[in-house]
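Mapping to full-length UniProt numbering: the sequence shown position 8 is 8, numbers consecutive.
Just so you know, these hints were derived from the structure itself, not from any lab.
Quick caveat, the model's predicted, so the values are computed rather than measured.
No residue lacks a Cβ here, since even glycine has one placed at the ideal position from N, Cα and C.
One or more hints might be untrue.
[Claimed, not checked] Distance windows between CB atoms, simulated:
hint	residue 1	residue 2	range
1	A95	V65	19 to 29 Å
2	A102	V65	23 to 33 Å
3	D36	I64	36 to 46 Å
[As the list claims (entries may be wrong)] With a cut-off of at most 30 Å between alpha-carbon atoms, the simulated DSS-like pairs for lysine-lysine come out as follows:
hint	residue 1	residue 2
4	K45	K113
5	K45	K110
6	K130	K113
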Amino acid sequence: MDQPAADAGTNWLPDFTITGTGAAPPGPGFTMSRDDARSMLSLAKRARQQFRDMQTTATTLLRIVAPADDIASTAYQSQLIGDGSSNGAFGAGVANVHRLYAYADELVQKLEKALDLTEDSEAAAANAVKNAASGDKATGLAG
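Let's have the full structure, built from the sequences with the hints guiding it.
Take a look at the structure:
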């Protein structure tokens, strides 16, 4: 659909035309070979383990105490671990490590699911080919 712009004679773009079309088709997404997916799964599992180890280390940082009971030491401690109203530097770090672990864990679960689906469909295809080669007549949907 074409239509000239309103006030084409006085507009600073007198020959400007608006063309409306339908929505663009959805993208094809991406594919990954099974070997690449297994490699990515191994990498994601290692990252998840590293984030799990970091969680333990980061959480221990929240247990520090001020070396002295003076204003400067307690103020510095509250900046590091928080004072109840804010997380502090270490608290923000712990929260970030927890988010990274959750992301890596979700990635591992999705890759494992994708690999299981791929391997299941490949096993079903192999069985179908084997059955077709052996001459079984009643294995298909029509049969």
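Each hint tested on the structure:
1. Judged by the Cβ atoms, the range 19 to 29 Å given for A95 and V65 holds: they are separated by roughly 21 Å.
2. For the pair A102 and V65, the supplied restraint of 23 to 33 Å holds, since their beta-carbon distance comes to about 29 Å.
3. Range check, D36 to I64: Cβ separation about 43 Å, and the 36 to 46 Å hint holds.
4. For the hint pairing K45 with K113, the CA-to-CA distance comes to about 14 Å; that is within 30 Å, so the pair holds.
5. For the given pair, K45 sits about 12 Å from K110 by alpha-carbon distance, which is consistent with the 30 Å threshold.
6. Between the alpha carbons of K130 and K113 the distance comes to roughly 25 Å, so the proposed pair stays at or under 30 Å and holds.
Of the hints listed earlier, there is not a single one the structure fails to meet.
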